[in-house]
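Q: The residues making up each chain are set out below.
Protein chains: 2
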Amino acid sequence: MSSKAVVLFSGGQDSTTCLFWALGKFDLVHAVSIVYGQRHSVEIEAAKTIAQLSNVTHEIVEVPQVLVGTSPLVSGDPVGQYDCVDDLPGGIEPTFVPGRNALFLVIAANRAASVGATDIVTGVCEEDYGGYPDCRRAFIDSMEGALSLGFSGDEKEFTIHTPLMRLTKKATVEMSMSMDGCMDAVAYSHTCYNGQVPPCGKCHACHLRQRGFDDAGVPDPLITRLESHGARI
Amino acid sequence: MSSKAVVLFSGGQDSTTCLFWALGKFDLVHAVSIVYGQRHSVEIEAAKTIAQLSNVTHEIVEVPQVLVGTSPLVSGDPVGQYDCVDDLPGGIEPTFVPGRNALFLVIAANRAASVGATDIVTGVCEEDYGGYPDCRRAFIDSMEGALSLGFSGDEKEFTIHTPLMRLTKKATVEMSMSMDGCMDAVAYSHTCYNGQVPPCGKCHACHLRQRGFDDAGVPDPLITRLESHGARI
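Chains as they are written, first to last, in the working numbering: chain A, 25 to 257; chain B, 25 to 257.
Wrong hints could be hidden among the right ones.
[What the hints assert, rightly or not] Here are the computed distance ranges between Cβ atoms for each label pair:
| # | chain 1 | residue 1 | chain 2 | residue 2 | range |
| --- | --- | --- | --- | --- | --- |
| 1 | A | G140 | B | E179 | 32 to 38 Å |
| 2 | A | T94 | B | D165 | 28 to 34 Å |
| 3 | A | T183 | B | P88 | 28 to 34 Å |
| 4 | A | Q220 | B | Q220 | 40 to 46 Å |
| 5 | A | L52 | B | A162 | 28 to 34 Å |
| 6 | A | D178 | B | Q89 | 26 to 32 Å |
| 7 | B | Q220 | A | D165 | 41 to 47 Å |
| 8 | B | P88 | A | K180 | 54 to 60 Å |
| 9 | A | L52 | B | G155 | 28 to 34 Å |
| 10 | A | A255 | B | A162 | 52 to 58 Å |
| 11 | B | T81 | A | G177 | 31 to 37 Å |
| 12 | A | S26 | B | R161 | 32 to 38 Å |
| 13 | A | E86 | B | T81 | 22 to 28 Å |
| 14 | A | G254 | B | Q89 | 35 to 41 Å |
[Said to hold, decoys possible] Far from chain B by the CB rule (all over 12 Å, computed), these chain A residues:
| # | residue |
| --- | --- |
| 15 | S27 |
| 16 | K49 |
| 17 | L77 |
| 18 | N79 |
| 19 | M189 |
| 20 | T192 |
| 21 | D208 |
| 22 | Y212 |
| 23 | P222 |
| 24 | Q234 |
| 25 | G241 |
| 26 | R249 |
To be clear, the hints were calculated from the coordinates, so they are not data collected in a lab.
Computed from a predicted structure; not experimentally measured.
Cβ atoms here follow ideal geometry from the backbone N, Cα and C, with glycine treated the same way.
Make the full structure from the sequences, and use the hints.
A: Shown next, in the form of structure tokens:
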């Protein structure tokens, strides 16, 4: 029987890297993108493009009303702007959306049950994540157990893979470089919280992405691609 | 500080009983009804009516695309019809929607975080529930831990109350009878999987509801109310 996995796929750099990781491990990959009230649809368009390039099945699930909170990612308030990466505040970032990763994992598990998979892949990472409590492996372990119990009663039903969990952004870039075709896909990924193309370069997400490429000593293929089309960045 | 709880409130008999249980325990109750693709809106109308009668804040969250599966509750296929309660099949009922209670609890936790509550109430029950794995306390315990870790990092952040967990339907009826105003509200609750008013009397849910009232030796106040309005049942 062919192995199958569901990948939570936002269209960002991290989930694009996870998509290619999954393509190397499983026979079939089903990518699931979730529109939960983000400020912009740019990342969903990025997800569509990368899914087509990668030849995976792709589903977009729209859940606009499900999560509420004060995060600018769902409230419509402006996202914080920082001059450089060292200015980023500590603690839990105000962009935290309470329950976001829990919701995503429930949807992924539902789709896994639907396509006959028990493996789920998500790009959450304890490094560089603004202190989001739902990006830690302890949370993932707990959800893995809860979803297993809730879907089949078997405590080991699901395996939630987090290939980036302990990686710095630099190491994530290096992983992308090691996988055939991944950097070509990352060139279409979207990260900027402000939904700007070219990216704003000032938000939390832009700063962390840029630091990863700087530390790895390679240019961001998205910037290279946009510049080759004449963008000034 | 006043105590607050979020109640998952479908508009059915069990969640109506839980709503009154919560009203006895907490100063403020916020009821959350979730429309997830059920075959009918009758139970949401029931929820609205009961929330008004009970003077609680009430929110309806529409998530029509979030859950998929073969359950007739989301697929549109016909629901099983049985002549009597003893004909109900064992094992997991085909009405099981994979991830439903996990999704509901994530939404409840998100709303709890939003209104400043850490107590969540749900009417799930290990008795009489068609073998649904997500109605067992082991699952609830696991989700309580997972959501706590994911929302605040504190393993004890949330308490998920399941006042009906170990009750038979008969005992649930007796609990309703013990709480002021509860039976008057149950008279407006909706249970029938087929969305019929008067209830079809043939589906799994109708049979279990009727058995509870029969075992408790009291008439179902919904039936009494409908008959007083001239319905033939």
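Q: For each hint given before, does the structure comply? Return the numbers of the non-compliant ones in rising order.
A: 4, 8
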